[in-house]
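*Asks:* Residues per chain are reported as follows:
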Amino acid sequence: MADFRMPSLGADMETGTVSEWLVKPGDSIRKGDPIAVIDTDKALIEVESFHTGVVGRLVVNTGERVPVGTTLAVVDERTPAERAPAEPSPPPPEPSPAHVLSPLVRRLAAERGMDLTSLRGTGPGDTVTRADVERAAGPEGTVPPGRTEPAAGRATTGPATVPAPPAPPEPARSKASPLARRLARELDLDLATVPGTGRTGAVRADDVRRAAAVRSDAARHAPPVNAPGQAVRQDERREQAMRQAIARAMTRSKREIPHYYLTSTIDMSTALAWLRERNRELPVSERVLPAALLLKAAATAAAEVPRLNGFWIDDGFVPGEAVHLGMAISLKGGGLIAPALHDAAGRDLADLMAGMKDLVSRVRSGRLRAAEMTEATMTVTNLGDQGVESVHGVIYPPQVALVGFGRILERPWAVHGLLGVRPLVTVTLAADHRATDGYTGGRFLAAVGRLLDHPAEL
Amino acid sequence: MTTYREAIREAIAEALTADERVFLMGEDVGAYGGCFAVSLGLLERFGPERIRDTPLSESAFVGAGIGAALGGLRPIVEIMTVNFSLLALDQILNNAATILHMSGGQFNVPLVIRMTTGAGRQLAAQHSHSLEGWYAHIPGLRILAPATVEDAGGMLAPALADPDPVLIFEHGSLYNSTGEPGTGPVDITTAAVRRPGRDVTLIAYGGTLHKALTAADELAAGGIEAEVVDLRVLRPLDEATVIKSIIHTHRAVIVDEGWRSGSLSAEVTARIVERAFYELDAPVERVCSAEVPIPYAHHLEEAALPQVPAIVTAARDVVSS
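Protein chains in written order, with UniProt numbering: chain A, 1 to 458; chain B, 1 to 321.
Think of the hints as simulated: they come from the structure by calculation, not from any bench.
Where a beta carbon is used, it is the ideal one built from N, C-alpha and C, also for glycine.
Wrong hints could be hidden among the right ones.
As the list claims (entries may be wrong) - Some, not all, of what chain B presents toward chain A, calculated at C-beta under 8 angstroms: (1) T3; (2) H250; (3) E274; (4) Y278; (5) E279; (6) L280; (7) A282; (8) Y296; (9) S321.
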């Protein structure tokens, strides 16, 4: 048996919500198969299975928000041959429980130590009524209200002068601190839906706050029930949660990472002329945007200067296996996400353009894959379409560098002692000074410039 | 820097100098200089009229103090330890604390009683108990527990100025502690926040304050920011400061050298639950003395008293519960 746990989809993720199960108990899965859609604070992400086997129990229901590391499902890794003798047949289904509506009926049955599921109901819709309980208990089972007597089958030693211990209580109410209860009431949140993280499983104030910050996805996806005002509140909460996630990551970055910044201005005339020529021969759907060219240049330069492509973990640099270029994409409702374009340096331009388009559309529709969320080795942010001339970014930890592109602008520019009008782009590098020095960063920017000067090489 | 002992001595000397109605009496306070050397040298400075040795007779000399106070003087009565004060409990409870009420408000009893409390010096059960919580039960008394050098020196003058009986409990383990002397009288109506924090409130007083502060240091090393509240005034309790802190941290650990059952820590717990139930994010924890007569043997005595590791553990439990 193996546990499928809530994965960490990024340095800033602490909890996640199972938005959708893509498998059900009994399904055979192979390693790498998508198994669930997880809602982080930022996006819906398809998560793949790490195990091959048969899905056992789904531990966490959709809409439930749990901390990273929580077991979500159990996967039976045994082969069918191994499994067969141990479990000859699935257990017979439980008899469907009798309908019980009234607390009084529950209490009476509990007082008599009776199993309600064994009773046949005569009320409307086969509901078990008080009369059914009393009939099943027999005449001696009737007791005056307010008193209890020893339960059948639990007959005690002496005459029944001592009242029996009180009947087992109704299903225990969820354990929660007074503060958590008050907060839940104020935030209009059902405590039973909040997972407790206290030592004894009690719900604490922080749990309620977390749950309130992002209400379950289920609630978000139940529009007919929600009043319009409530839907707006859910969106606000989601936005708030994303803001908090970004706040955590960026605060950590600015606190822990000593940034240094380099800027250089690149003449794009050769690159754009080349791109124009190339696009002219292609159908519109296959044309490449300058943004893709910039991405490709950054990725190729990162492959040339590998010290900027990777992570700073435990006081040491860990190089990325390939250049998985994170692409900062802003979301419609606000916020930001930077999924990875895998192996950006190794892909040709057309492929990269397609990957870019695919990623943007999936970010906006909310379907990313786990690997895209976690594996970026360096991030590029391009604010050119906003008219921004240059952007000095904040590194997304534990990465060690962030490349920023501004708008390609026509400007007076001196070449070979003559002034001309050229399309220029400002490229910046924010890099982790613990991992590299300005010299390495300079080499990177020089490589970007050289590559854009010789676009055919890209 | 000065010691707790010197701060009290200085405060007594200042009171004797400032007001000729003030005098000190108790067992061995004169020629011997006080059992804990608090009044050492005062007899030489102020003479036997004002530094008066008494027989071993707590009921008699506390009663004499009450009479002197009623007669217009401002007596400071020293009782060697809180254990012995029980011999004078009748005077304290049935006279000092009640005369104002029983006289229909005609007679105040402006008496100050100082006594040693607490364990930690291998003086065995009959010299080591912490019974200030019992006195804090009695209406008509003000109960003070200075934990710092500043409070030790600064509480006497306002206590003497109080028209009603004030009992000052000095923890025996504090006499040699050092600190900055204060600049004058301190407030004897409020508790003090000795260290700000956000995760849990450690409530302590007297001899346990320094253990709570040490525990807070250790907790801080583990990332838990404990707020330390020094009750200072055990009666009337400064509820407001405690509740304010709970509203801030949502968690409480009470450290009390008294026995848990029916103790001051029980009272503080009840107040928190009464006034701040919906602020609590965890059950209130208490670290108290073991419910045994305080042992003589050093290691047993240590084991019986609230210690730093127990406070740290309780705080961690509360923060994670």
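*Asks:* Hint by hint, where does the structure go against what was stated? Just the numbers, ascending.
*Replies:* 1, 3, 8
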